[in-house]
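Student: Spelled out from the first residue to the last, the chains are:
2 protein chains.
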Amino acid sequence: MATRPDPVAPADAQARAIARDLLSLGHAALAYADAATGLPAISRIAFGRAPDGTPMTLISALAPHVAGLQAQPACALMLGEPGEKGDPLTHPRLMIRATARFIAPDDPARPALRDHWLAHHPKSKLYIDFADFSFVLFTPQESLLNAGFARAYRLTAQDLAA
Amino acid sequence: MATRPDPVAPADAQARAIARDLLSLGHAALAYADAATGLPAISRIAFGRAPDGTPMTLISALAPHVAGLQAQPACALMLGEPGEKGDPLTHPRLMIRATARFIAPDDPARPALRDHWLAHHPKSKLYIDFADFSFVLFTPQESLLNAGFARAYRLTAQDLAA
Chain A
1 MATRPDPVAP ADAQARAIAR DLLSLGHAAL AYADAATGLP AISRIAFGRA PDGTPMTLIS
61 ALAPHVAGLQ AQPACALMLG EPGEKGDPLT HPRLMIRATA RFIAPDDPAR PALRDHWLAH
121 HPKSKLYIDF ADFSFVLFTP QESLLNAGFA RAYRLTAQDL AA
Chain B
1 MATRPDPVAP ADAQARAIAR DLLSLGHAAL AYADAATGLP AISRIAFGRA PDGTPMTLIS
61 ALAPHVAGLQ AQPACALMLG EPGEKGDPLT HPRLMIRATA RFIAPDDPAR PALRDHWLAH
121 HPKSKLYIDF ADFSFVLFTP QESLLNAGFA RAYRLTAQDL AA
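Protein chains in written order, with this note's numbering: chain A, 1 to 162; chain B, 1 to 162.
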């Protein structure tokens, strides 16, 4: 097969704007390593951002990805909804490779995360303080915005926080 | 933390019907192991089924998940779209742990797969025969339907094919 040029470009203002929209979604797909087998596994998670913009979630210990992320914090998130019309592969999606960090119940950072999460996910007040629910922060390592065929952009942590 | 009963039930007729609807979607999220690092990675893929019901996709060799699936065929798919209303975690989604198998251009099974794929993805005729596009079959190993909080079902390969 002939060598082709790198199809991934650095982010520009438009790419950052699309990424910002995707980061405002309330849910994401999470790829993680299964705790028992180490093999790829996938779940839907609630999605939000910390006050400093760091991607985060609130999860129940009953979810299989909790054991997975505790055993192997490296994971990947995907944000974006194809919608009903057109080719789903032309709709933008943001993929973030990240490292998960659980926030302990007594972590001094928790009250600010809790207030911020509640402001954006008001229905979570029903379970946010249950003993088996935890906040998890996702520190981005590498991000790729795919905005349609042959339109891919690499985003830095600064691009994501913008 | 107190032990709770297994929250996952065997599939019933309603669970199979929900799974069938989700399997008719044209796209999925794919969790795979990155070829270089082995760490979890994620992509959106086109989704369809072979004539015998086996989940499948059509992918370009340029996609990063191609090298990943070639190095490590174990992967996981998620089907389901949250839609715009309500809590995204109450909308059903189907998670399938699977093993990927690439179909060679000269595989005798390819023509039937190609016809079937084209019938359901007519726009793919623009690229279906490009040299860098391949069909990949996903043999299901284990499937879980999450139909909302506390409504999870385990599906067998027979349930999926129904």
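Treat the hints with caution; some may be incorrect.
Said to hold, decoys possible - Cut-off 30 Å, straight-line C-alpha distance, at most; resulting in silico cross-link-like pairs (DSS-like, lysine-lysine): (1) A/85 <-> B/123; (2) B/125 <-> A/125; (3) A/125 <-> B/123; (4) B/85 <-> A/123; (5) B/85 <-> A/85.
Said to hold, decoys possible - Now the in silico label distances, taken between C-beta atoms and shown as ranges: (6) B/51 <-> A/85: 25 to 31 Å; (7) B/71 <-> A/12: 28 to 34 Å; (8) A/161 <-> B/87: 23 to 29 Å; (9) A/51 <-> B/158: 46 to 52 Å; (10) B/161 <-> A/158: 31 to 37 Å; (11) A/83 <-> B/60: 49 to 55 Å; (12) B/10 <-> A/112: 17 to 23 Å.
For the record, the hints were derived by calculation from the structure and aren't laboratory data.
Ideal placement from N, C-alpha and C gives every residue a C-beta, glycine not left out.
Student: None of the hints should be skipped; say for each whether it holds.
Tutor: Hints, verified against the model:
Simply put, residue 85 of chain A and residue 123 of chain B have alpha-carbon atoms about 13 Å apart, close enough for the 30 Å limit, and the pair holds. At most 30 Å may separate the alpha-carbon atoms for a hinted pair to count; residue 125 of chain B and residue 125 of chain A exceed this at roughly 49 Å. Between residue 125 of chain A and residue 123 of chain B the CA atoms are separated by roughly 45 Å; this puts the pair beyond 30 Å, and the hint is violated. Restraint check: the Cα-Cα separation between residue 85 of chain B and residue 123 of chain A comes to about 13 Å, which is no more than 30 Å; the hinted pair holds.
Pair hint residue 85 of chain B plus residue 85 of chain A holds up; C-alpha atoms about 18 Å apart against a cutoff of 30 Å. Against the hinted window of 25 to 31 Å, the Cβ-Cβ separation of residue 51 of chain B and residue 85 of chain A comes to about 27 Å, which satisfies the hint. The hinted window of 28 to 34 Å between residue 71 of chain B and residue 12 of chain A holds, with their beta carbons roughly 32 Å apart. The hinted range of 23 to 29 Å is satisfied by residue 161 of chain A and residue 87 of chain B, whose Cβ atoms lie roughly 27 Å apart.
A hinted range of 46 to 52 Å for the beta carbons of residue 51 of chain A and residue 158 of chain B is consistent with their spacing of about 49 Å. For the pair residue 161 of chain B and residue 158 of chain A, the beta carbons lie near 48 Å from each other, so the given range of 31 to 37 Å is not met. Range check, residue 83 of chain A to residue 60 of chain B: Cβ separation about 22 Å, and the 49 to 55 Å hint is violated. The hinted window of 17 to 23 Å between residue 10 of chain B and residue 112 of chain A is violated, with their beta carbons roughly 43 Å apart.
Consistency with the previously given hints fails for numbers 2, 3, 10, 11 and 12, ordered from lowest to highest.
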